[in-house]
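Trainee: Could you put the whole structure together from the sequences, leaning on the hints where they help?
Protein chains: 2
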Amino acid sequence: MSRSERPSEDSLIARFFAPIAGEGGLGLKDDAARLTPTPSHDLVLTTDALVERVHFLPEDAPGSIARKALGVNVSDLAAKGADPAGFLLSLALPDSWTESWLADFAVGLGQASRDFSCPLLGGDTVKARGALTLSVTAVGQVPTGRMVQRTTAQAGDLVCVTGIIGDAALGLKLRAAPAWSNDLSPDEKAHLADRYLHPQPRYRLAAALRDHASAAMDVSDGLAGDLAKMMRASGVSAVVEADRVPLSAAVAKAVQTSSDLLDVALTGGDDYEILCTVPEKALDSFRQEADRIGIPLSVIGRVVSGHDRPVFRMNGLERRYDVGSYQHF
Amino acid sequence: MSRSERPSEDSLIARFFAPIAGEGGLGLKDDAARLTPTPSHDLVLTTDALVERVHFLPEDAPGSIARKALGVNVSDLAAKGADPAGFLLSLALPDSWTESWLADFAVGLGQASRDFSCPLLGGDTVKARGALTLSVTAVGQVPTGRMVQRTTAQAGDLVCVTGIIGDAALGLKLRAAPAWSNDLSPDEKAHLADRYLHPQPRYRLAAALRDHASAAMDVSDGLAGDLAKMMRASGVSAVVEADRVPLSAAVAKAVQTSSDLLDVALTGGDDYEILCTVPEKALDSFRQEADRIGIPLSVIGRVVSGHDRPVFRMNGLERRYDVGSYQHF
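Just so you know, the sequences run in chain order A and B.
According to UniProt numbering, the stretch in the first sequence is residues 1 to 329, in order.
According to UniProt numbering, the stretch in the second sequence is residues 1 to 329, in order.
Only true hints are included.
Listed next, the in silico DSSO-like pairs over lysine-lysine satisfying Cα-Cα at most 27 Å (straight line):
id: 1; chain 1: A; residue 1: Lys-253; chain 2: A; residue 2: Lys-189
id: 2; chain 1: B; residue 1: Lys-229; chain 2: B; residue 2: Lys-173
id: 3; chain 1: A; residue 1: Lys-127; chain 2: A; residue 2: Lys-29
id: 4; chain 1: A; residue 1: Lys-127; chain 2: B; residue 2: Lys-127
id: 5; chain 1: A; residue 1: Lys-253; chain 2: A; residue 2: Lys-173
id: 6; chain 1: B; residue 1: Lys-281; chain 2: B; residue 2: Lys-229
id: 7; chain 1: A; residue 1: Lys-189; chain 2: A; residue 2: Lys-173
id: 8; chain 1: B; residue 1: Lys-127; chain 2: A; residue 2: Lys-229
id: 9; chain 1: B; residue 1: Lys-229; chain 2: A; residue 2: Lys-127
id: 10; chain 1: B; residue 1: Lys-229; chain 2: A; residue 2: Lys-29
id: 11; chain 1: B; residue 1: Lys-253; chain 2: B; residue 2: Lys-173
id: 12; chain 1: A; residue 1: Lys-281; chain 2: A; residue 2: Lys-229
id: 13; chain 1: A; residue 1: Lys-229; chain 2: A; residue 2: Lys-173
id: 14; chain 1: A; residue 1: Lys-127; chain 2: B; residue 2: Lys-173
id: 15; chain 1: B; residue 1: Lys-189; chain 2: B; residue 2: Lys-253
id: 16; chain 1: B; residue 1: Lys-29; chain 2: B; residue 2: Lys-127
id: 17; chain 1: B; residue 1: Lys-189; chain 2: B; residue 2: Lys-173
id: 18; chain 1: B; residue 1: Lys-127; chain 2: A; residue 2: Lys-173
id: 19; chain 1: B; residue 1: Lys-29; chain 2: A; residue 2: Lys-229
Since the hints were made in silico from the structure, they are not lab data.
On a predicted model such as this, the values are computed, not experimentally measured, just so you know.
Mentor: Here's what the structure looks like:
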């Protein structure tokens, strides 16, 4: 299809995005969306951008890219104890876009939007000068004053993490077919690859987090670095028992083959699990809630006073990772 | 400065953006921003992306780019009758960025944020693969149910526009030093150039719009095309007296030199004025409000029933412009 036969922005929106929009999106026919907040609630707002070859790869399925763009933002909301209310999408499309790519992208976005109960409210579509670039702004709600912050961890609290750590980082590395991957079964490889492509934001944990956690954030830039950020923001430190960090069978096997992969698992990005601190007396109730909704929870350490980087204890040794070992710049 | 000496995203945020953040931004230390909505108000949300060489030029001052990115979003809020509550910025920076560019960008953004009473709440900074790409999501508030829509113009209403039309479109064309520009004085050229670079969102008109306008949108893609969009969305048409469309002395002079520039003025983009429809009986009150806050207002035509594209009457002729004469794709 030649450039001049391309649909206008309006027809593109009407065809691909209006069908997946929520009620507040007003059919995507207006300049803006409307959201009536729940009374006695605060809004929580977050924005995350994804760039081709930085945050995803050109060969990734369009629906997976869409799901990831929304998922990483919903993950931020979840960590703040916020229930999703909707999102806006800004999409800079390179000249090489095709209708079939965009159709698949919209289907994936619509599916993710339904899965996460986070309706599309609006957006903007522009021409990129370079790689495909997406920016999602997600809006969530918490009862007034109940947003879970990053700055409020207390010495003595337990450090908890949901799900499994390190799968996504190894899933990304797997694409280069490293030697260690030869020992993994096809299922194990598929598991790791899927975890990189398809983050599972823990939005169902939001209510339990605001009821029980003293501080929380999502693990997007690696467990070690994100824990260090949260402890620094709270003016405390932490001690982590590395063997309590939940690893999948695939990662555990890879670490046996190549022990430096443990560092990759602990410092790699894209986990999109929830890292939180919980007062000891709240742990049982928090765990019951997590169990009830089927989200695995591991206690991996404890908040301590001090300003040093968190310590990871492993095999009788103590290890402190550089803060920001993973950087966007 | 070599790549490896570049500050991390966290230090970049702390240095350039945290100082200009509003209270809801929580010092930009958290994953998300918090906004406590005014009771009995709806939120209005809009997002607009700007791409280098599409929406601005590499040689534009960084502060001007920042102001435009925020301004075009605040303009959308204003057209919906919404008072600004805050914004989030997603910034994809190409590898060639410099600290001085970013410092100037942040100063311009902070100034615009204060001018428009629209505080920075949060953002994301990522590495671009290609041109500088910015996406702003702005949040505004209106009393519940009072958002001014695009779909509610009524036959018989007057068609009004604020300020001056066509300056920005000619200001952009001026950069190629066309023959017609030889007749303009340096001041006239500077005026047109400035109007392209520095849109003046009409945020102070928001309250008057929700009190008096039956429908509204901002003029970003050209008066003729945007009017056609609003009429179509409302299921009506319009008749415009072209000689009532407010032009600056500079544009009027340019049109005298080259008559086809009138089409450029009427169909070009980047005006960021407000186009609205007002019931005849509400006009006096609306004009009084606009006068009081110093925003010029012109009645340029009338909404009529029908589904044709709006007619522009000029010199005894009738002209219908193609809808979407300006397209992002």
